[in-house]
Amino acid sequence: MIVCQDVGKRYGDFWALRGVTFEVGRGVVLGVLGPNGAGKTTLVRILTTELMPSEGRALVAGFDVVKEPEKVKKVIAAVPQESRPIDFLTPYEFVLSYLLLRGLSLREARRRTREVLQTFGLWEVRNREVDTLSGGMKRRVLVAAVFAADAEVVFLDEPTTGLDVYSRRVVWNAVSELKKHGATVVLTTHYVEEAAALSDVVLVLDKGRVVDFAPPDRLVEKVPGRYVVEVYGADSRPADSKAVVEIGDRRLYYVEKPPEALSLDGAKVVVRPKSLEDYVLITMGAIEEGHEDD
Amino acid sequence: MKTIRDALVIAWINGWIAATRGWIWVIGGSVSPVSFLVVLAIYGGVEGLRWGLVGGFIWTIASNGIGLIGDAAYYRLGIKYQSMLTAAPVSPAGYALGLALSAFVFALPTLVVYLAVMLWLGLWILTPASLYALTALWLASAGIGFTLAGLLKHLKYAWTLPQILSAVFAVGAPVYYPATHLPSPYLGVVLPTGAAAVIIHDSTGLIHYGPHLTSAAAVALALQSALGLYFLFKLARWRQP
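Chains A and B, in that order, give the protein sequences. For what it's worth, our numbering labels the leading residue of the first sequence as 1, then goes sequentially. For what it's worth, our numbering labels the leading residue of the second sequence as 295, then goes sequentially.
Derived by calculation from the structure, the hints in this document are not laboratory data. On a predicted model such as this, the values are computed, not experimentally measured, just so you know. Errors might be hidden in some of the hints.
Negatives, chain A to chain B, calculated, CB over 10 Å [claimed, not checked]:
#1 Glu50
#2 Lys73
#3 Lys74
#4 Glu82
#5 Phe88
#6 Glu129
#7 Gly135
#8 Glu152
#9 Asp217
List of simulated lysine-lysine pairs, DSBU-like, C-alpha gap at most 35 Å [unchecked claim]:
#10 A:Lys207 with B:Lys296
#11 B:Lys450 with A:Lys74
#12 A:Lys268 with A:Lys242
#13 A:Lys207 with A:Lys179
#14 A:Lys268 with A:Lys180
#15 B:Lys528 with A:Lys67
#16 A:Lys180 with B:Lys450
#17 A:Lys179 with B:Lys450
#18 A:Lys242 with A:Lys257
#19 B:Lys296 with A:Lys257
Idealized CB from N, CA, C, for every residue including glycine.
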């Protein structure tokens, strides 16, 4: 459904993206992970035909994003990074107009708008101006519009940044539903647990290059040991520690077995199974919170 | 057909809904032309009022077209709505024309008031020549607005640029005064507002410029609107290089 072959984007002497090659099929959720400036948004903008690549070739649903943008646009839908619905419209008007712009008949657009607003818990506020809604509801309006489009490939660029736990899960449900309907979803996120929970396969980008491309569990397998002993405020390395990550006064020890006893006066200790977050910490260091603007 | 449909949908949300829900925007677009009108009426009496009405009519159309800078830049840079539409089967031409049409929707109430007062004063602006001038001016100013919006890198410029252009297009061009006040009346047709004004001043009988100047204005306006449309369709930033 999405094929990238050596895709690159250059701004002057700076390569925002280079040599990106991967392929994902139908009904797959592709998580795109990476720190600020990794090239996540650049990749999404190329695949959604908004940005011309400097090199390489990209196909979406079999159509070339450079040579056949009109065909690509018919099968995709996107929630861009930092996007917001038009504030003086109501959720009903926003979704309806988006569907009309996509070419649906008025009758069908009305039917889908009603259906999707009910699905996303927005029916009660359908006639309130977007301006008066909470941040979570605003984001849900955007995702609802894209959801109703019934596109083959859906791009969600950091759709849950800044959302409360409820709204975040509403978006997560939408991603799962899209997948169930056979859509391919490209999800860029700063939240590693989100990528782990939703993605079938994860594309890890750093400084515009592909660091890894594999299912989340395969990436987690690359982390040494089975457990993580996370210690804050003391240095007491467990005996069988295979690796350590230091973040200020916090140390993460990767071990095979959880230690039975640790003599740490006044230190805060958490023992947990290793996760995708640990893969990211070991591979790239901390992923900064915030927004990519590349 | 899809382009026209897209334009109508954009005009519905950005023009009709916005105007009916926020009258302040409609009033905002008419404030500058009305202030000129008042000053001219005070100092020029009925004759000043006639020049103020015709100038205000022209300027209301142009200012709403140029005012597209704010809408288009806000949708592109502020809320990324344009990016959402780029990833959808929406034509850039339909989007741009829709914004232009919504600008006209905003201008409509003001234009109706102007028309009523002009009729009362026995000034008939809806002649074929004037209608051509007004349509071409609408296209030219919308093209300028949409194109400039596409070149902006920061949203803050979208608020100041229209103010600068307003001054240049309304005062620099002979909109509220005869083109004969310029060193050469032909300088008046350099800007689309001036070219439209020359045609309308002549057509409404405010002043007779003669066939050479009005023909030059008609040709200049045709070129300016064609250029505006070209920029609107071809150079507007829909896909970044």
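Now the hints, each set against the structure:
The Cβ of Glu50 (chain A) does not lie farther than 10 Å from every Cβ of chain B; its closest approach is about 5 Å, which violates its non-interface assignment. Not every beta carbon of chain B lies more than 10 Å from that of Lys73 (chain A), the smallest distance being close to 5 Å; the non-interface claim is violated. Taking the minimum C-beta to C-beta distance to chain B, about 5 Å, the non-interface status of Lys74 (chain A) is violated against the 10 Å cut. Remark: the non-interface label on Glu82 (chain A) conflicts with the geometry, its nearest Cβ contact in chain B lying 6 Å away (cut-off 10 Å).
Non-interface status of Phe88 (chain A) relative to chain B is broken: a Cβ of that chain comes within 10 Å, the nearest being about 6 Å off. At roughly 8 Å, the least C-beta separation between Glu129 (chain A) and chain B is not larger than 10 Å, which violates its mark as non-interface. For Gly135 (chain A), the shortest C-beta to C-beta distance to chain B comes to about 13 Å, beyond the 10 Å cut-off, and the non-interface label holds. With a least CB separation of 12 Å from chain B, Glu152 (chain A) remains clear of the 10 Å interface cut-off, as annotated.
No beta-carbon of chain B is positioned within 10 Å of the beta-carbon of Asp217 (chain A); the least distance is around 31 Å. In summary, the hint linking Lys207 (chain A) to Lys296 (chain B) is not supported, as the alpha carbons are separated by about 41 Å, beyond the 35 Å threshold. Using a Cα cut-off of 35 Å, the hinted pair Lys450 (chain B) and Lys74 (chain A) holds, with the two alpha carbons roughly 33 Å apart. Between Lys268 (chain A) and Lys242 (chain A), the direct Cα distance comes to roughly 21 Å. Compliance with the 35 Å bound is thereby established for this hinted pair.
Simply put, Lys207 (chain A) and Lys179 (chain A) have alpha-carbon atoms about 29 Å apart, close enough for the 35 Å limit, and the pair holds. Between Lys268 (chain A) and Lys180 (chain A) the alpha-carbon distance is near 42 Å, which puts this suggested pair outside the 35 Å criterion. Annotation: proposed proximity of Lys528 (chain B) to Lys67 (chain A) holds, straight-line Cα distance about 17 Å (limit 35 Å). With a CA separation close to 43 Å, the supplied pair Lys180 (chain A) and Lys450 (chain B) exceeds the 35 Å bound.
With a C-alpha separation of about 40 Å, the suggested pairing of Lys179 (chain A) with Lys450 (chain B) is violated against the 35 Å cut-off. At most 35 Å may separate the alpha-carbon atoms for a hinted pair to count; Lys242 (chain A) and Lys257 (chain A) meet this at roughly 11 Å. A hinted pair counts as satisfied when its Cα atoms are at most 35 Å apart, and Lys296 (chain B) with Lys257 (chain A) does not qualify at roughly 64 Å.
Of the hints listed earlier, those the structure fails to meet are numbers 1, 2, 3, 4, 5, 6, 10, 14, 16, 17, 19, in rising order.
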